[in-house]
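J.: Two chains, two frames, a set of hints: combine them into the complex.
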Amino acid sequence: MDVPPTDVTRSDVLRSEYCVIACAEAWRDAGEILASPMGLIPSVGARLARLTFAPDLLLTDGEAMIVRPDGTPEGWLPYRQHLALVSGGRRHVMMGASQIDRYGNQNISCIGDWARPKRQLLGVRGAPINTLNNPTSYWIPRHSRRVFVEKVDMVCGVGYDRVAEHPGTALFHRVPRVVSDLGVFDFATPDRSMRLASLHPGVTVEQVREATGFELTVPDEVPPTREPTPEELRLIREVIDPADTRRREVAV
Amino acid sequence: MTDKTMTADEVVSRLASGMTLGIGGWGSRRKPLSLVRALLRSDITDLTLVSYGGPDVGMLAAAGRVRKLVAPFVTLDSVPLEPHYRAARERGAFELTEVDEGMFMWGLRAAANRLPFLPVRAGIGSDVMRVNPGLRTVSSPYDDGETFVAMPALRLDAALVHVNRADRLGNGQYLGPDPYFDDLFCEAADAAYVSCERIVDTAELTKEAPVQSLLVKRLSVTGVVEAPGGAHFTSCAPDYGRDEDFQRLYAATPWAEFSERFLAGDEAAYRSAVRNWQEEQG
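One line per chain: the protein sequences are A and B, in this order.
For the first sequence, the residue numbers in this note's numbering are 1 to 252.
For the second sequence, the residue numbers in this note's numbering are 253 to 534.
Hints were generated in silico from the structure; no laboratory data involved.
Note that beta-carbon positions come from the ideal geometry of N, C-alpha and C, so glycine has one too.
Fair warning: there could be bad hints in the mix.
Only pairs whose alpha carbons sit at most 35 Å apart, straight line, appear in this in silico DSBU-like list of lysine-lysine [to be verified]: (1) 151(A) <-> 469(B); (2) 320(B) <-> 469(B); (3) 118(A) <-> 469(B).
Covered by chain B, according to a simulated footprint, are these stretches of chain A (three or more residues, beta-carbon under 8 Å) [as the list claims (entries may be wrong)]: (4) 77–85; (5) 116–128; (6) 157–167; (7) 205–214.
Excised from the complex, chain B in its bound form (with noise of 0.2 Å):
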């Protein structure tokens, strides 16, 4: 049995410029943050990602790693418009592919099934045809006759997710509400790097929680990272809620500003950097 864990700097060592990078979490939930702000502090650059966008879009983008996002939306939920995003997509920083929520799953689910493509009743009347024009329909083969989009298979390179609990060997966990695509983000990728909040012993995973409660299987994990907080500031259910206070800040800070107090060190650096923040407000 393989011992999977790593450093978010390993995992980062095992990246490249150019690559497709599918992100987990959903808007400002279950974001893999310290992975995303290991790869902030590599030279890695050129990438297109993979995301129900978040902060990881909007920092990502500021710092000008982003050559092309795949994305239905960027947001921080709680602040609808994501400001870091807004500013790069409006000066034109990066290339966008911008398609439906529902056509984005099926794209992942198409890649995790090595199909080229899956059949989906969206986009098609709207502008997702007309800023996307690589798209292609398909007509049921059946007396129906029904024309459908034929989303094309997201294929990844590497996949990044934040998940509550894992073992050594790369078995996932997730202890809130919602899953989000995190399985599917791992299976749809060549490689997928799992950070979470604490790694427990196998027999640990089902002594508290249910076993449907076992997202990620390992046979899709190529690393496992121990990074407790590693979601902050989006919210890691039932473990935190989402940070507000400090998100608030992050949406109010010029981005240079942001980056130079919180992201000039290691993870141990930006932990404390919010320490003293929180401090501050007292």
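Next up, chain A with everything else stripped away, as it sits in the complex (with noise of 0.2 Å):
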């Protein structure tokens, strides 16, 4: 891109790239902890957060190692330390979702009846153990009534109603945000049921309402998602992901 930063005009944002930032906001002010992004679009904001306003972020290269965003190994993170830094709660980690249901429960296991499953899916993985230590958010790269459910099939991520049984065990529950291709939302309502944080630019409340599954809190004005800096823009589109791995996840 030889576009001067200067000349960076809002048509010029994809939603892919306004799902980059909003994925990155999940780290700001996070400090020192270790972002573990899953998914592409995560990735990048991950990248994107650490190399502007979130510096002292940990980042991995999705195996063993603890990475700069360059590629340069400055720690060991093997599975059974990674497991136990869960539980030291330095982390948050944004995973995806197969459903998510209105208090923030995920499933990632299974469609239909768990003894018998429709489709089976990946299992629980490390959801019930993050959700129930570390900041949880999710990027659900489609948002449509099939992930955006009234009930989840099996609770893999533990949602607020769920925690709220619990009270002795959910001390470190916190599930900040959860991203999609059309906008952010939050728990900030008194029942922590989920809300419409911000619309990414170009998608509208009512095309938010149609694809999800369950009755969202919806503020009287919503915010659009911010919109990128210059600075931001460039990194994303020639220093982090200059091959556009974004567009696989989103094609807008």
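T.: Structure below.
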């Protein structure tokens, strides 16, 4: 891209890039913790945060190394240490979700009756331990009623209604945000149900309601997801993801 | 000093139907697949598998050898969903104990430490509790009073792991970035069988790698098998990466067809069938 930064206008920014910004914002003010992004856009977001407003973040190479954004190893984190680090809490993970409900219960295990699933998926993986121990956000590249459901078939990541039943255990539970290709969602409501926090530019409230299988809290004024700065756009497009892998998750 | 070298078939001759088998590695990484292939050549069945699951689980489940699986996931990593595992699970072919990744690790640690359980802050509030009604909780005896899952020990009749190097006595060495949980699998088992890319003299082990790479101690090992390419088609860094082309073939081929073409003979026949397939691909 040879576009001088000052020429970047709102219309140049792709939805996938708003999604990167929305994911990156999950790690704002996180301090010196491990960012564990799962998925392409969260990975670009975490690296963007690390290169800009969250310079103390630790990143992994997706295997056993802690690396600087340029790939230089700065630490060792095999799975056994990673799982221990989860309990220690110095981590903010952004997981995917095959289903998520209004209280942030997440499912990646199976669709249908667990005893004889219609579709077997990954399994619970680390969602139960993640959600009880460190902040867990979610990234959903295709917002639809199949994903945003009234009730998930198998609770893997624990949501706010479930933890309310276990106050003595859920001391460290927090679901800071859910980012989809349509907007950003949080649980800043009296009953900790999901709220529309911001809309990606070009998306309407109606579109979100239409694609959500439960009643969403929508404030009177819904702000737009913030604009990337020209420097952030340059970093996304030229430094972090020049191959445009983000388009594989969000094509607009 | 006991020479513990044996063949994969000798390992299998020491296993029996109905056993609980732990399988090392993680997903589609450093899986002891030559030992699994040997197991598939036997009549052993009715197994309880304990695994951070990959194609080991997919193949044994597809072949109908699994009575019960204990796992937090089954995946091929670059192919997120293991198709043969999915098919077996969706036809209700075996019983599943689905636990969290951390619970699984603490279960192995409990077994390795001869503890009945270890407390874990995981599971509570999730449906892991619903689908495992036998799981109990335990409260801290101290002032905090926090409630935990009491993750029961995952004790194993036998463990199968694959590492980069080993000596004839059973000292096993990993040279890749992650040890996974192979030492714990061995320590949690009554008998552990270690396959390796190459058997070397003990003194060789620390010539080119630090002593910290000696992951598995011989006191927890019963048998050592030299199995070059023994993790194929999963990764075995730095000796080789995952064979992505072949893994795609595995994922896309009906089990009966895959099994007939690649698993009908011994390990040498497997390697030659893979070579033939690769030559066909040009």
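J.: Tell me, in ascending order, the numbers of any earlier hints that this structure violates.
T.: Those not satisfied are hints 1, 3 and 7.
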